[in-house]
Amino acid sequence: MFNRIALLRHDRGLSRKDLAEAVDVNPQTIGYLERGDYKPSLELALKIASVFGVQVELVFSLQPFPSITDALRRAGEQP
Amino acid sequence: MSHRSARKGILERLDDSVAWTGIPSFAAGHPRRRSMRWLSVVVLVLTVAGFLVDLGQPNLWWGYAMLLLGFGLANLMPILGPVKPWGGPERVDEFDRALRARAFLAAFSALAAVAVIGLWTIVGLSLVQGWTADALRSTIMKLAFVLATIYTAGPTCYASWARAPIDDDD
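Heads up: the protein sequence lines correspond to chains R and D, in order.
Take 1 as the starting number for the first sequence in the UniProt record's numbering and just add one per residue.
Take 1 as the starting number for the second sequence in the UniProt record's numbering and just add one per residue.
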């Protein structure tokens, strides 16, 4: 399972501790999630998505997310 | 600021040394848990090796000493190791619960295997070598120390190797 937690967290200016407190887990658990060492429960995944204010499939995916560079390039190529 | 003024005084160094032991954070209900990869392996090897030495040469005192040293060190692992105990004051989230479940499953599997092998080995040796009741009781008691060590150090060993340590924050 792949996720964008680190990206969204940096985008929102949140530390691991801030996010951990928001979803009631330990900061290390956020670190393990970001590193891909741990797959969250559905409840935790929904809580994390809720903190970022996005749908859960924008945070977690079974397929690798496209890189930001590719996404920006594609956006620039659109007329 | 000069180099001399940046040096810590004796009292600050004593404070640091006490904090390093982890006892103040433990007393505050937030123990500083560490990965204990090699220490847990050393403890398990020391204990099992001590038991085997004592089994082969009961007259050698250091076999029993190794066994007891391993058992003593293993008792520190639930306190300072990465597996959080049930009913403690620390926050145990879903990651901690999942890791603890897997760590204890692995440890209990190893414990069951060692118990079966150990008991049958003791039964066999006692028949072949004609042990006295005292020798049999003593050896079974030492096996109990080995099993207790696996119970305390086994989950720590599994959890320490299953996950690379991670910093508290980025």
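Errors might be hidden in some of the hints.
Unchecked claim - Chain R residues, not near chain D, derived (Cβ > 10 Å throughout): (1) Leu44; (2) Glu57; (3) Gln63.
Said to hold, decoys possible - Not the full set, but computed from the structure, chain R residues with beta-carbon under 7 Å of chain D: (4) Asn26; (5) Thr29; (6) Tyr38; (7) Ser41; (8) Ala45; (9) Ser61.
As the list claims (entries may be wrong) - If you want a taste of the chain D side facing chain R, the calculated C-beta under 10 Å gives, among others: (10) Leu14; (11) Asp15; (12) Ala19; (13) Gly22; (14) Glu90; (15) Phe95; (16) Arg100; (17) Ala135; (18) Arg163.
What the hints contain is simulated information worked out from the structure, not anything from laboratory work.
Just so you know, these numbers come straight off a predicted model, no measurement behind them.
C-beta atoms are modelled at their ideal positions from N, C-alpha and C, and glycine is treated no differently.
Hints, one by one, checked against the model:
A beta-carbon of chain D comes within 10 Å of the beta-carbon of Leu44(R); the shortest separation is about 6 Å. The beta carbon of Glu57(R) sits about 20 Å from the closest Cβ of chain D, which is more than 10 Å, so the claim that it is off the interface holds. Listed as a non-interface residue, Gln63(R) keeps its Cβ farther than 10 Å from every Cβ of chain D; the least gap is roughly 24 Å. The closest approach between the C-beta of Asn26(R) and any C-beta of chain D is roughly 5 Å, which is under the 7 Å cut-off, so the hint is satisfied.
Using the Cβ-Cβ criterion of 7 Å, the hint placing Thr29(R) at the interface with chain D is satisfied: the shortest such distance is roughly 4 Å. At about 5 Å, the closest approach between the beta carbon of Tyr38(R) and any beta carbon in chain D falls short of 7 Å, and the interface hint on this residue holds. Annotation: interface hint on Ser41(R) holds; nearest CB of chain D at approximately 5 Å, less than 7 Å. Interface restraint check: Ala45(R) against chain D, minimum CB-CB distance 11 Å, threshold 7 Å, status violated.
Proximity of Ser61(R) to chain D is violated relative to the hint, the smallest CB-CB distance being about 20 Å (cut-off 7 Å). Evaluation of the Leu14(D) hint against chain R yields a violated restraint, the C-beta minimum of about 29 Å exceeding 10 Å. Taking 10 Å as the C-beta cut-off, the interface hint given for Asp15(D) is violated, the closest approach to chain R being about 24 Å. Because the beta carbon of Ala19(D) sits about 20 Å from the nearest beta carbon in chain R, more than 10 Å, this interface hint is broken.
Checking Gly22(D) against chain R: minimum C-beta separation of about 16 Å lies over 10 Å; hint violated. At a threshold of 10 Å, the smallest CB-CB gap from Glu90(D) to chain R is about 9 Å, leaving the interface hint in force. Satisfaction of the interface hint for Phe95(D) is found here, the shortest Cβ-Cβ separation to chain R being roughly 4 Å, below the 10 Å cut-off. With its C-beta approaching chain R no nearer than about 13 Å, Arg100(D) sits outside the 10 Å limit, and its interface hint is violated.
Annotation: Ala135(D) was flagged as interfacial toward chain R, and the flag is violated, the nearest CB pair being 48 Å apart, outside 10 Å. Annotation: Arg163(D) was flagged as interfacial toward chain R, and the flag holds, the nearest CB pair being 6 Å apart, inside 10 Å.
Checked against the numbered hints given earlier, this structure breaks hints 1, 8, 9, 10, 11, 12, 13, 16, 17; the rest are met.
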